[in-house]
Structures are given as C-alpha cells and as structure tokens.
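In the working numbering, the protein residues as written are 1 to 315.
Derived from the structure by calculation, the hints contain no laboratory data.
Heads up, a few of these hints could be off.
As the list claims (entries may be wrong) - Ranges between beta-carbon positions, derived for each pair:
(1) L247 / A210: 30 to 40 Å
(2) L241 / I95: 22 to 32 Å
(3) L44 / E246: 44 to 54 Å
(4) L268 / V233: 40 to 50 Å
(5) V15 / I82: 23 to 33 Å
(6) L99 / V240: 23 to 33 Å
Every value quoted in this text rests on a predicted model; they were computed, and no experiment measured them.
For every residue, glycine included, the Cβ atom is placed at its ideal position computed from N, Cα and C.
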Amino acid sequence: MMFDVNEEEITLRLVSTFPSALILSTFGGIWTTIGGILAVLFALFKTQSNFQSSLSLVVQLQSGLCALLLCWSIYDVLPSAITGLSLSSTLLYFISGALTTLSLSACFSRTSIVYSRFHMTTNTIRSELRRSGHVACIVVALHNFLEGGALCLASYKGLGANRNVEMPSFLLITSLAIENIPEGLLIALPLCAMHSIVESSDGSVRESQAKVAFRAVLFAGMAGFMEPFGVCVGAVLLRVLAGNVELWWGLLSAALALIAGMFCALLLCEMLPVAFKNTQLRAFPVLSIALGIGCLCGCTLQPLLIHYGHIPVII
Numbered sequence: 001m002m003f004d005v006n007e008e009e010i011t012l013r014l015v016s017t018f019p020s021a022l023i024l025s026t027f028g029g030i031w032t033t034i035g036g037i038l039a040v041l042f043a044l045f046k047t048q049s050n051f052q053s054s055l056s057l058v059v060q061l062q063s064g065l066c067a068l069l070l071c072w073s074i075y076d077v078l079p080s081a082i083t084g085l086s087l088s089s090t091l092l093y094f095i096s097g098a099l100t101t102l103s104l105s106a107c108f109s110r111t112s113i114v115y116s117r118f119h120m121t122t123n124t125i126r127s128e129l130r131r132s133g134h135v136a137c138i139v140v141a142l143h144n145f146l147e148g149g150a151l152c153l154a155s156y157k158g159l160g161a162n163r164n165v166e167m168p169s170f171l172l173i174t175s176l177a178i179e180n181i182p183e184g185l186l187i188a189l190p191l192c193a194m195h196s197i198v199e200s201s202d203g204s205v206r207e208s209q210a211k212v213a214f215r216a217v218l219f220a221g222m223a224g225f226m227e228p229f230g231v232c233v234g235a236v237l238l239r240v241l242a243g244n245v246e247l248w249w250g251l252l253s254a255a256l257a258l259i260a261g262m263f264c265a266l267l268l269c270e271m272l273p274v275a276f277k278n279t280q281l282r283a284f285p286v287l288s289i290a291l292g293i294g295c296l297c298g299c300t301l302q303p304l305l306i307h308y309g310h311i312p313v314i315i
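Based on the sequences and whatever the hints tell you, model everything.
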C-alpha cells in the first residue's frame, strides 16, 4: 500500500489533522479519568460491615469490564490490524502483546523481586487485587499510548476524524465514553479495594479517604492521558518516517494487534482466575462475562453514533 505524497503535503496534512486527533484523544483521557472517579464513588459508599462482599463485587466487575474490552479487541481491533498486516504477522504481534501482559503479571507474582522488596502479602484477596490492579494500570496505559499513535496515523491517512472539524460532535464523544470509562473503572476499582477506605486488615491503620481517592483517580488519569501523548509521538513518527509510509502503516497495524493481545491475556490470565477463586457462586464470573459481551453488543452502536455524527470511524 503506497501513498504518493511529497514532504510539503505531509507537513500540511500533519498541521491540519494533528489538532483534531489531539482533541479526540484528550476526550478519551478525560473519560478514563471519569471512570476512576466513578470507582472512587463506588468505594466511598461501602462500609466495613459489607467490605468483604464489596471486594467480591469488585472482582466480578473486573471480569465483566475486562470481558467487554476483550470482545472489543477481537471485534474491532484485530480486523483493523489484519488490513495492514498478513495474518501470520498479526498473530505474531498478538502473541507478543499477550506475552507482555504475562511478563508484567510475573513481575507482581508472589515469588517476584517486586513482592519481596516491598513486603507484600500474597495469600489474601487484597494481594490478588493489588496484582491485577497494577497489571491493569500498566496494560491500559500501554494500550492508550498505542491507541493514541494509531489515532494520529489513522487521522493522517484519512481514516479518523475529519480534519475540517475543530471539535468532535456529541455523538462521537459519547462513543469514546463507551470504551474509556470501563478502562478507568478497571484501573481504579482494585486500587480502591486493596487500599481499604475502612480499617486495614490488621486494624491498626486507617488510610485517609482523600489519599486513596486521589491515588485511584491519579492512576486512572495517568493511564488515560497516555493517549494524547501517543498522538504526539505518532505525529513525530509520521514526520520521521514520511519517506516510508508502508513502514508506519505497518506500525499502526502492529500496534492494534499488540493492544488486542494485551487485553486477551489480561482477562484470561489475570481477571478470570481471581474472579473464580474469590467468589462462592461460580456462576457470577460467567454472568459478568456475559454482561460484558452484552455491553459489547451495545458498542456495535458506536459506528452508527459516529456515522450520524457525520464523522468517519477512528479505527
């Protein structure tokens, strides 16, 4: 797939498409932060008497949210990746993304240096939520960074936001919320749960509500705003690789395949085992996944929302 463009045209297109891509990615970061705020509100309404049941509910919500993002990866991201790569190359990058998540999980496992250095307990639901929360935060941050670069590249090529539109429509902002709010929840829920807003397990320390809330929202916001940072890096990449557009188009497809692999491993190797282990009713994790897939069916409305907003699909 070759594009015959000269250096002057590349610069003009970057100048015209970069602001639109940056605005869209910023809205994505805002929605991720809002997801973190919603998780904090959920935790604040829980008391010590029902805190253990709240932990179990957090586990179920995690599995459902990750199921939604997993299905989104398979439904939307992988087909887009295959358009720019061969099937074998897409599979290779997909596996690389999955291995990245597994490596992160190993860093926070009970036998790792990370655990021994910070004296983390490993036999409670709190420790499992700590591990899944840390891994989810890193994976979502990497995902948003790659998604930001993909948005910049796609906008430049004409697959993203209309470069004549200064501000995205309400419908497009709504479609971004469908994806990014669950990401913020996925990060902040386990962080709020493991740093109890009620008394800690030894009964001697009571962590400040404001400190816990700030930390959860901060982590969600940092992961969310990796997306506009990815847009900036993507713009630099476009300028540097302007003479070889086939290469940066392949990078876009590779990034999408990596995103899909990361979320697949996050659900199958992190969220589901914790969900099944820490609930008495084994049907709950399955129900959560079913609800996540049901929400995905609602996400099929996303292209329609964008279409009726008169803005082409981002990815």
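Checked hints:
For L247 and A210, the hinted distance range of 30 to 40 Å is not satisfied, since their beta carbons lie about 48 Å from each other. Our hint of 22 to 32 Å for L241 and I95 holds, since their Cβ atoms are close to 25 Å apart. At roughly 51 Å, the beta-carbon separation of L44 and E246 lies within the given 44 to 54 Å, and the hint holds. As the Cβ distance of L268 to V233 is approximately 29 Å, the hint placing it in 40 to 50 Å is violated.
At about 31 Å, the beta-carbon gap between V15 and I82 stays in the expected band of 23 to 33 Å. Under the hint 23 to 33 Å, the C-beta atoms of L99 and V240, about 27 Å apart, fit the expected range.
This entry does not satisfy hints 1, 4, going by the numbered hints stated previously.
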